[in-house]
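Trainee: Residue numbers (my numbering), protein chains in the order written: chain W, 1 to 179; chain H, 1001 to 1596; chain G, 2001 to 2256.
No lab work stands behind these hints, which were simulated from the structure alone.
Hints should not be assumed to be uniformly reliable.
Listed below are the simulated DSBU-like cross-link pairs for lysine-lysine, each with C-alpha atoms no more than 30 Å apart in a straight line [unchecked claim]: (1) H:K1113 - H:K1086; (2) H:K1271 - H:K1194; (3) H:K1002 - H:K1338; (4) H:K1555 - W:K141; (5) H:K1338 - H:K1271; (6) H:K1526 - G:K2010; (7) G:K2158 - G:K2180; (8) W:K141 - H:K1557; (9) G:K2185 - H:K1002; (10) G:K2161 - H:K1357; (11) H:K1500 - W:K141; (12) G:K2158 - H:K1357; (13) H:K1338 - G:K2158; (14) H:K1388 - H:K1214; (15) W:K141 - H:K1526; (16) G:K2161 - H:K1002; (17) W:K78 - H:K1500; (18) H:K1113 - H:K1152; (19) H:K1214 - H:K1357; (20) G:K2158 - W:K158.
Here are the computed distance ranges between Cβ atoms for each label pair [to be verified]: (21) G:A2136 - H:T1228: 45 to 55 Å; (22) G:L2183 - W:E65: 40 to 50 Å; (23) W:P172 - G:A2191: 29 to 39 Å.
Virtual Cβ for every residue (Gly too), placed ideally from N, Cα, C.
Okay, here's what each chain looks like letter by letter:
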Amino acid sequence: MANKIRVATTSLAGCFGCHMSFLDIDERMLQLAEVVEFDRSPITDIEHCTNCDIGLIEGGVCNSENVHVLREFRNNCKILVAVGACAINGGLPAMRNHIPLEECLNEAYLDGIGVENPKIPSDIELPLLLNQVHPIHEIVKIDYYLPGCPPSADVFWKFLTDLIEGREPSLPYELVHYD
Amino acid sequence: MKQFIQGIIDNNQYQATHLLQILRQIQSHYHYIPEDAIGQLASLLSIPRTQIIGVVEFYSFFHLSPRGQYELLISDSITDHMLGSKDLLAYLAGKLGVAVGEVSADGLVSLDKTSCTGMCDQGPAGLVNGHALTHLDRAACDKIAELVKQQKPLEQWPGELFQVDDNILKSGLLLNQPLEQGAALRTVFRRGIKETLAEINQSGLRGRGGAGFKTASKWQFCAEEAETQRYVVCNADEGEPGTFKDRVLLNTYADQVFEGMTVCAAIIGAKQGFVYLRGEYLHLYDKLQNMLAQRRQNGLLGNDILGEGLDFDIEICLGAGAYICGEESALIESLEGKAGIPRNRPPYPVTQGYLGKPTVVNNVETFMAAAAIAVNGGDWFARIGTEKSNGSKILSISGDCARPGIYEYPFGTTIQTILNDCGAENVQGVQVGGPSGTFISNQEFGRKLAFEDLATGGSFIIFNTSRNILDMVHNFAHFFAHESCGFCTPCRVGTSLLQKQLDKIVEGHGSAGDVVALEELCQLVKNYSHCGLGQTAANPILTTLERYPDLYQNKLKEISYEPGFDLDAALETARRMANRDDAGAHLAQIEVNEHE
Amino acid sequence: MSKTITIDGKIIPFEDGQTIMDAAMAAGVYIPHLCHQPEFTPHGSCKLCTVNVNGRNCSACTFPALEGQDILNETEELIEDRKKITQMLFVEGNHFCPSCEKTGNCQLQAVAYHLNMLDNHFPLFYPDREVDASHAEVMIDHNRCIFCTLCVRASHEKDGKDVFAISGRGIHKHLIVNAKSGLLKDTDIDASDQAVHICPTGALLVKRTGYQVPIGERIYDHKQIDQVALAASGSRPVAALPPSMAVGTENIKHGE
Ligand SMILES: Cc1cc2nc3c(=O)[nH]c(=O)nc-3n(C[C@H](O)[C@H](O)[C@H](O)COP(=O)(O)O)c2cc1C
Ligand code: SF4
Ligand code: SF4
Ligand code: FES
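Just chain W, same shape as in the assembly:
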């Protein structure tokens, strides 16, 4: 097929659980591969996405790098999709939002139990943490949301086939879950 639909995926402050769940579409992946080609994604090793139709984002935004990646996706994907609880509401990483960042860093790097060589990492290659973890819709515009922790393989399948076949994507009751 000449013009395959280009899909990019990434995980920000997430656990790759959504990606694993996506892979759970199992043999349907072959069907998908006929019409879809993967751009930047953990399954391709492409470093930057370009000219994509669909971007699937797992995870919330917890640091500066997440912001850059999210913006790259927004700039290069026609349709941007928030995938999973963390992308939609910050999820478990956002549970740190109630603890001031200073306390988090102190405990992790300076005075926590078992810390050796107490020092806050300062390598300029490292992304800096934001004060709070944010859902991705607070940083860029999001077109669709796939809730679930993770969304089931059927959710991915339903959503992508809807899009590919030119339907407005929708999730029936049995596919809507937040857990």
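Following the hints, complete the assembly by docking chains H and G with the ligands onto the known chain W.
Mentor: Chains H and G with the ligands only, in chain W's frame:
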């Protein structure tokens, strides 16, 4: 402490309905509500301690942790802002050495903002231990700081700090001819009760508190209820920013207001009346009590009034800082010693009000007008005004004009006439009816004061062309979020969201879709909220958005989206702790070509 | 002849003293609700049950049914706005369903599913709220409280106690308990109190009962909240529902 509290409880006859009054005394004595007091109150009043804490945490003037021996509050009304209160607050904070919202380390003084104190014609204004401060300026702040430092008791503070003026600048139908004490009641007894109600009906008098319900109908409904124990309540909560006419009426025409309440009692058959006086008007309390005592002495209150067999008395209850208590059913809850949460309706107060009994709630001005109508007859009133709005309206005028104060106009007067009278120049627009009312632009000054055109409870705030309308909207949005009682979801969460969304736009983080999102949210809050507060909370945004769409649009960036918070600032802690300041340690607020 | 109202064109009988909600439920018509439970004094605070009565929005759970009412319930606009109100409840608290024992049994979540809520729409508040695990058998996770006051009413009306109350104003509203320490362990609550079991969300939980029913086999994993609510209120059987509301239970059982 035990004895002190026991004394208060004795004075209040162990009545849980007096909880607010009891807590006011405790707060004023200890500058907070101590834990031990809560326990003691719970057992003496036989109510769960949770009810007491619920009340303490509801009202702005009660605190669970100590405030300063001198509790200073500065009015956060837009009118006070326009008079420079923001600078003054910062100045005062510096002078006192205490941050806004904090208590000084020695516990001597605390400083905070408070919702409009009803001194818009003589601001910047504030409160110290509940007593109104007016005409504040730097010199006054210096004086206050000095007095606090010397720990001078309030009674020894110079009187000019507390000087409250009436500023009646234009009198009309009501203000021109105050009644002689007892005149209305004598006429009622001479003419007959039914006949008097007919006169009030004939007058077409509609409620002056804002909603404009026909007063005679309200009284009639109440009188027709089967339940014979009935109540009269005068709503003197006057919390709408920019309104202060009830303050003046109660200062100078209180006798006539009490008389109106007594006329109402005669008509509906009530034995007990209440004046719900906003806490900010504490300075009126003693004067009003004296007036009541005098009326009792003159046989105009108490048993067998004027020898006509009418028994009726009036009690004054002070509020404790909650705008929502102006809403009649919230007011009744508050009178019952509870948090001011509006009730579900039906039933309406006329059928089930105070303690579940039929209750008439009217505005101060309504009672004053009713008394005048009782004497002068319905036609006297009805011949003034417009077809649907009879009589006159007393306005509280403030903001950008040479002569702020009290003005009385026949209904039907144009806005332009009013602006001319009070010396307003280069006017950009007027907020009619306070934050919950309507903003009108200078294209609309031909519009009229009337229920069928511009209805108002009396607030009339003028903005000249030097003012930024969005500052006003911003102030009002924060006011509503602060005053939402929190009972219902759309208002509790919605007013906070409105505030956030407006802040986002005003602070320049708004992008293409943000105004649409704002408007959508406005509609949601307006259409789904439980009471008038939520239903009108979006009015400042909606009415200005309608008139000045560009004002909002110009704040938006030419981009599709922007975060509602400052991204780079969100990295500050990490930057500091990692001791970095390289390019990678910063974030641009919006996309600046990521692919270099 | 009994009195009637119409809801979405359907004629529904009612008796004097019934609210619109009572009449609707009795006739097998579901109106979304969270702060309402048939056995309790109506509260009218969540506003999810808002219906349009002769052109005016009213809370179905508190508004009396009256002859001549033409009521709209399932309009696109009402459904959309109810979804937004639900989203408000989500962003105001901290609802991390994956880590909540109530997931699948939670009415807040179930209403959201029913309304096909896929996102939060609004910015999240991430309020700082506590967990009170002081009591041996019952815990409060304030992060999940939606201030429906069902526990307050249950404790007062059914248990004859006053363990709970809502305190604070506006967005600072919070649940408090009747103890000097402010802790649940010092109240007279008992794990068998109705108040403990009435909570629509995971804010009140009985300890050591977690995950006895596995995720995927919980109440709303199999049935939509409309069916559950109507069945619980003893109204007409689900089969009597119009087709649009009776979602294929078959599919649901096979899903997940
Ligand atoms: C949030 C809110 C605040 C109100 N504040 C006042 C007030 O301060 N004074 C007042 O008279 N009416 C106020 N009202 C209107 C009252 O609910 C009620 O309609 C009025 O007191 C009836 O008196 P009237 O018929 O004489 O106007 C308020 C209403 C709302 C919704
Ligand atoms: S609209 Fe606002 S003030 Fe009125 S009941 Fe609802 S939360 Fe309270
Ligand atoms: S704890 Fe549960 S039942 Fe109680 S008010 Fe909160 S959400 Fe409602
Ligand atoms: S169910 Fe009616 S308002 Fe909550």
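Trainee: Would you mind marking each hint as holding or not holding in the structure?
Mentor: Okay, the hints, checked on the actual structure:
{"no.": "1", "hint": "H:K1113 - H:K1086", "in the structure": "10 Å, holds"}
{"no.": "2", "hint": "H:K1271 - H:K1194", "in the structure": "18 Å, holds"}
{"no.": "3", "hint": "H:K1002 - H:K1338", "in the structure": "23 Å, holds"}
{"no.": "4", "hint": "H:K1555 - W:K141", "in the structure": "19 Å, holds"}
{"no.": "5", "hint": "H:K1338 - H:K1271", "in the structure": "22 Å, holds"}
{"no.": "6", "hint": "H:K1526 - G:K2010", "in the structure": "28 Å, holds"}
{"no.": "7", "hint": "G:K2158 - G:K2180", "in the structure": "23 Å, holds"}
{"no.": "8", "hint": "W:K141 - H:K1557", "in the structure": "14 Å, holds"}
{"no.": "9", "hint": "G:K2185 - H:K1002", "in the structure": "27 Å, holds"}
{"no.": "10", "hint": "G:K2161 - H:K1357", "in the structure": "26 Å, holds"}
{"no.": "11", "hint": "H:K1500 - W:K141", "in the structure": "18 Å, holds"}
{"no.": "12", "hint": "G:K2158 - H:K1357", "in the structure": "26 Å, holds"}
{"no.": "13", "hint": "H:K1338 - G:K2158", "in the structure": "22 Å, holds"}
{"no.": "14", "hint": "H:K1388 - H:K1214", "in the structure": "11 Å, holds"}
{"no.": "15", "hint": "W:K141 - H:K1526", "in the structure": "26 Å, holds"}
{"no.": "16", "hint": "G:K2161 - H:K1002", "in the structure": "27 Å, holds"}
{"no.": "17", "hint": "W:K78 - H:K1500", "in the structure": "29 Å, holds"}
{"no.": "18", "hint": "H:K1113 - H:K1152", "in the structure": "23 Å, holds"}
{"no.": "19", "hint": "H:K1214 - H:K1357", "in the structure": "21 Å, holds"}
{"no.": "20", "hint": "G:K2158 - W:K158", "in the structure": "46 Å, violated"}
{"no.": "21", "hint": "G:A2136 - H:T1228: 45 to 55 Å", "in the structure": "52 Å, holds"}
{"no.": "22", "hint": "G:L2183 - W:E65: 40 to 50 Å", "in the structure": "42 Å, holds"}
{"no.": "23", "hint": "W:P172 - G:A2191: 29 to 39 Å", "in the structure": "38 Å, holds"}
Of the hints listed earlier, the one the structure fails to meet is number 20.
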